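Enquirer: Those sequence lines, one after another, are chains W and D. Here the first sequence is numbered in this note's numbering, starting from 3 and rising by one per residue. Here the second sequence is numbered in this note's numbering, starting from 10 and rising by one per residue.
These are computed hints drawn from the structure, not numbers from a lab. In this text the structure is predicted, and so the values were computed from the model without any measurement. Every residue gets a Cβ at the ideal spot worked out from N, C-alpha and C, and that includes glycine. One thing to keep in mind: the hints can contain errors.
Computed from the model, here is a short list of chain D residues facing chain W with C-beta under 10 angstroms [stated by the list, open to error]:
id, residue
1, TYR232
2, THR235
3, ALA236
4, GLY240
5, VAL248
6, ALA254
7, GLN297
8, ASP328
Chain W stretches covered by chain D per the calculated footprint, using a threshold of three residues with CB under 8 angstroms from any CB of chain D [said to hold, decoys possible]:
id, segment
9, 87 to 99
10, 113 to 127
11, 253 to 259
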Amino acid sequence: MPEPLLEVKDLRVSFPTEDGVVKAVDGLSFSIQAGETLGVVGESGSGKSVSFLTVMGLINRKSAIVEGQVLFQGQDLLTLPSEELQEVRGRKIAMIFQDPMTSLHPFYRVGDQIAEAILAHEKISKKEAADRSVEMLRRVNIPRPDERARQYPHEFSGGMRQRAMIAMALSLNPDLLIADEPTTALDVTVQAQILDLVDRLQTEFNTAVALITHDLGVVAEHCDHIQVMYAGRIVEEGTGDDIYYNPMMPYTWGLMRSIPRLGAETARLTPIMGSPPSLIHLPSGCAFSPRCPYAFDLCHEEAPALLPVDGHHAAACHLSMEDRNRIVAEEVLTQS
Amino acid sequence: MLRYIIRRLIWLVFVLVVITAITYSIFFLLPGGGTDTIAQRFAGRAPRPELVQEVKIQMGLDKPIYMQFFSFTKNLFFGDQYGWPGFGKSFTLRLPMKPILLERTLVTLQLALGAAVMWLCIGIPIGVLSALRPRSLFDRFAMIFALVGISIPVFVLGAIGLYALVYKTHLLPGTGYYSIFEYGFQPWFSHFLLPWFVLSLLYAAFYARLSRANLLEVMGEDYMRTARSKGLTERRVIVHHGLRASMTPLVTVFGLDLAGLMAGAIITERIFNIPGIGDLAIKSIGSQDVYAILDVTLVAAFIITFANLVVDIVYAFLDPRVRYE
């Protein structure tokens, strides 16, 4: 087993506020291999964005308490001095964000913004950087890239802007691309295009991808490995087949059940009862227990560990394997 | 863009005509005014009616008001016997207004520009540094400074300054305007130093608060996060991405502030005895010199309206999202 590209060990990120300490990430451990795609699924407040912002070093260390390790190619990014971290950012790990309109600077041309990223890490001439940024725009299928490079972000459409962000992120051929909800702000048809683009580029550039989303449909087709997060922890992880055909944790069941299905008989959707927990006052025991229809005494006292189910599949739940298999067979899968 | 500029210039002309009409109305149509009252004022003590009539003819007040208004406006835009633009003649001074206006505008310009440089150099760095260290000791002191600067009235600050620096310690020479051409750099500078400072303090405080607020807001924007994620140095992120976005609105404010100042730094000019436009305005109003008041009002209106146009155009160059049709 080769050394993983990124290895996060027991990451904890909390933000002290006037109302209390917000535990955004509460003991997160995972790894990404080179060239692999990891899907990170969770609702707002699950810690999925904060954890990767911490990996990038974009969390303000003066206002956050960060513990644990983030090992990238063997180096702990959390203890790296800022100049060295600046070297890693952009060049080895790149990130694209949710809303491409506000993520690009409105006053500078798109081509210049891409060239800026290149020039920050490579000693080449401005002309060369400009040529490369046009080339990157071409590779993300933006028509007439030389004209487009000289335009401003507000002259691009939503999908095109996201493509430009992707072009900017990949311009230095990073080893890891973190995509934080890249399609949430786009309409459905454009979503598919963008995801296919990321797939294709991933193979071309041989980049590992961390795809963060709240949309289960998005991760299904595009990820080698998926982790489901809740209240700052991983509650289930596995391959796409594992999660979709054999989910082993009540939260995942809730997510599966709440997916609207084409041709379904019922008019109403089946949501997960209750609302996400306060990250300041996390429930004792399993963070999902207040909303879990199968919870029993132990669930409220002790948080379940993430235990392997089989192969790479793991889940954090106190229910016995027999109970879980039964529930899955009777209640969850019968819906499809 | 050109069509937009032309439209705005036409609007400028319209504004000037309306202001002239309003000023005329104030002087001739409101109670307390009227051609008779004005002529009487300039005719000396207890004048005989024939003398008042003579003065009226001399001042051109015998014609119907709308005719006076028309001829004044015509002269303004096409020039009169004293040159272009036709500002007419002052009745207290018995001199053409145009050279007086020119001279006084230049003096106020020196005052305003000097103060502007000062307040930009004081206010913006304080604001920017405060934004970069929010809630620090520096920030708190800076904001107290801003509050004080905004609150102190100009005449209080001027009086304190004169007392402390001129009367008590003789560090500065005193009031008055000393042209750089006639007296040289030192007198000109040392006489302007205190007026510049007094005038700039209010604006420096305001700009400190404004630039702090703008930069703080910009620091939280998404594109700042993107810039950092590209691996740029923090300095580049703040200067190239942050300052550029946060200082752009200040350009508009600055243009308008400068114009407003040009149109009348009345109190400062009075305290420090500087013969500028504001001072002229006060004197003309005091002596009811109709044409002088009208001219000063028009000059001020022109400066402000024109400055509005200039800042709008400049903003279009700075912010590519803004385009005029």
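Enquirer: Evaluate each hint against the coordinates.
Expert: So, going through the hints one by one against the coordinates:
The closest approach between the C-beta of D:TYR232 and any C-beta of chain W is roughly 4 angstroms, which is under the 10 angstroms cut-off, so the hint is satisfied. About 5 angstroms separates the beta-carbon of D:THR235 from the nearest beta-carbon of chain W, less than 10 angstroms, and the hint is met. Taken as an interface hint, D:ALA236 checks out: its beta carbon lies about 7 angstroms from the nearest beta carbon of chain W, inside 10 angstroms. The beta carbon of D:GLY240 comes within 3 angstroms of a beta carbon in chain W, closer than 10 angstroms, and the hint placing it at the interface holds.
Because the beta carbon of D:VAL248 sits about 13 angstroms from the nearest beta carbon in chain W, more than 10 angstroms, this interface hint is broken. Annotation: interface hint on D:ALA254 holds; nearest CB of chain W at approximately 6 angstroms, less than 10 angstroms. For the restraint placing D:GLN297 at the interface with chain W, the shortest Cβ-Cβ distance is roughly 52 angstroms, beyond the 10 angstroms limit, so the hint is violated. Contact between D:ASP328 and chain W, as hinted, is supported at the beta carbon level, the nearest pair being about 6 angstroms apart and thus within 10 angstroms.
Check on the segment 87 to 99 of chain W: 9 of its residues sit with their Cβ under 8 angstroms from a Cβ of chain D, so the three-residue criterion for coverage holds. By the rule of at least three residues with a Cβ nearer than 8 angstroms to a Cβ of chain D, the coverage given for the segment 113 to 127 of chain W holds, with 4 such residues. Counting residues of the segment 253 to 259 of chain W whose C-beta sits closer than 8 angstroms to any C-beta of chain D gives 0, which falls short of three, so the coverage hint is violated.
The earlier numbered hints that this structure contradicts are 5, 7 and 11.
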